[in-house]
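Enquirer: The residues making up each chain are set out below.
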Amino acid sequence: MKILVTVKRVPDTAADKRLDPVDKTLDRESVETILNPVDEYAIEEALRLREAVGGEVVVLCMGPEAALSTVRTKALSMGPDAAVHVHDDALHGSCAFNTARVLAAAIRTVEPDVVITGSESTDARTSLVPSALAEYLGWPGLTGAKKLEVDGQTVRIHRETDTGYDVVEAEGPAVVSVVKGINEPRYPSFKGIMAAKSRPVTDLTLADLGIDPSEVGAAGATTEVVDFAPRPPKQAGQVVKDPGDGSAALELAGFLATNKFI
Amino acid sequence: MATVLVLVEHEEGSPKKVTYEMLAKARELGEPAAVLVGQGAEGATDALGAHGAATVYAATGEGWTNLLALPVADALEAAIERAQPAAVLVASSPTGKDVAARLGARTGWGVLADVVDVDADLVATQVVFGGATVVQSRVRTGTPVLVVKPNSFPAAEQGGGTPEVVDLGTRATAGTADGRVTGRVVSERGGRPDVAEAEIIVSGGRGLQDPSNFALVEALADALGAAVGASRAAVDAGWYPHQHQVGQTGKTVSPQLYVAVGISGAIQHRAGMQTSKTIVAVNKDADAPIFAISDFGVVGDLFKVVPRLTDEVARRKG
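Taken in order, these protein sequences are the chains called Y and X.
Just so you know, we're using the numbering used here here: the first sequence kicks off at 1 and counts up by one.
Just so you know, we're using the numbering used here here: the second sequence kicks off at 1001 and counts up by one.
Read the hints as simulated data drawn from the structure, not as lab findings.
All clues given are correct.
Residues from chain Y that face chain X, not an exhaustive set, calculated with beta carbons under 7 Å:
1) Ala14
2) Lys17
3) Trp139
4) Thr143
5) Lys180
6) Gly181
7) Asp227
8) Gly237
9) Gln238
10) Val239
11) Val240
12) Asp242
Just so we're clear, the structure is a prediction, and the values are computed from it rather than from any experiment.
Think of the CB as a built atom: it goes at the ideal place given N, C-alpha and C, for glycine as much as any other residue.
Let the hints inform the model, and build the full structure from the sequences given.
Expert: Here it is as structure tokens:
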């Protein structure tokens, strides 16, 4: 089975994320970067699937040149067999749909049996890419998986709902997006880290994918930021110390009553 | 007057609060029309009318379901063809986002995710980067598709007419990309408001020390009529299910009131709740970062404070 996992390099959780005042895109270069947290779960799930049914795991990343380092050290080091890196200056400023379209084109060059993605990335957090990807590929999209099984041609997930989960299945090939907690990602071993240095990485540009640069990136994005401002930081309010018997609860209740919550 | 289409978010035919919030906003922007998808859900029509829908496009016959994105996207496309709307509003929920994504991919229309306001020119407001930055965005291509966060607009009964119902017929035969729902499992924790759209949330964290102590959080939540949330630490420890997690790798919420119990307020948790209108916190550590953003904080033992708070809330509510 050929399993493809999409991954993204994003600003670190604690990084001060900011928009470039000139082109209003996320500044990805002056911050510490990491592998999108839920992508580790996607990679782990792919590795477990490979262990269960045999085959190969390919990691796909659309990102600037600098993203390759993250792909090798954080993604390939966990154990996938190869990577595909799509990068092109014209991709800067892409919207979620531009991204999904480019990923779909790259996926068609790999011809996997299943695509596993994280549910969302921590930078823009739109959650739009997995289903847009499924639509561009013409495949089923099974999103929000907290469990994944492949049963012959059938791909089956437990889809997280507000009150539990639904069992959803479809005939492959399919796009599956996973949520945090679907598994426990393995730490890269020393052997994995060393092996990652020489795993094959295929570079693809927009020309390789037959995509017109004017249809993606800042030129082709379907939405745009027109203005932005820092949100005024919240000021700390009153803090009371409880004497030890819980009686501060009465003051807190008073606050809730004053503010009409009770 | 231009039509604004609202995709009804519902649980087995019972519209969720966010649907009424979207209809109220749609009424400001144009003439609201609702799209109701799900076999047997037609009973929702009256309530949708009472909340402002002039028309209901109903995909409630054979073969329709709101549990999968593809059928809903197909119904929404059919309604769009008839209504020719100036904008489409969809709830920011797992299925809502999947539907908006499929619609955007099919049509090439721009989709704005997690919108908390929209003006008459359809310029939308989003709060990004964990609450640090407020952004104004607009769509560049086609008809705007706006994915709306719950608790962004007040819901109100208004209009109160009987809507015109347009039947979208039965669903065509399933295509190769269709999925099937073969089972639904509901955990015993159901019954409280949904954390994604609740007006009040009581959240528990590592300070609870043991999963059994979530009972304290639940009791306070029930006294307040609130949803229960959980920090990443609590979810990672297996104390509460992931769908209740608030934070950067969980849900982003903006309730009227957020009560943080035994939660230190690490940056990735704050990223999920710091736009809450009012925040209160109980924690034994005076230096906990949560106190920097709380409107009222109690430094003390939550095992003493929370039960007394629950009793006092219940007493005051009579």
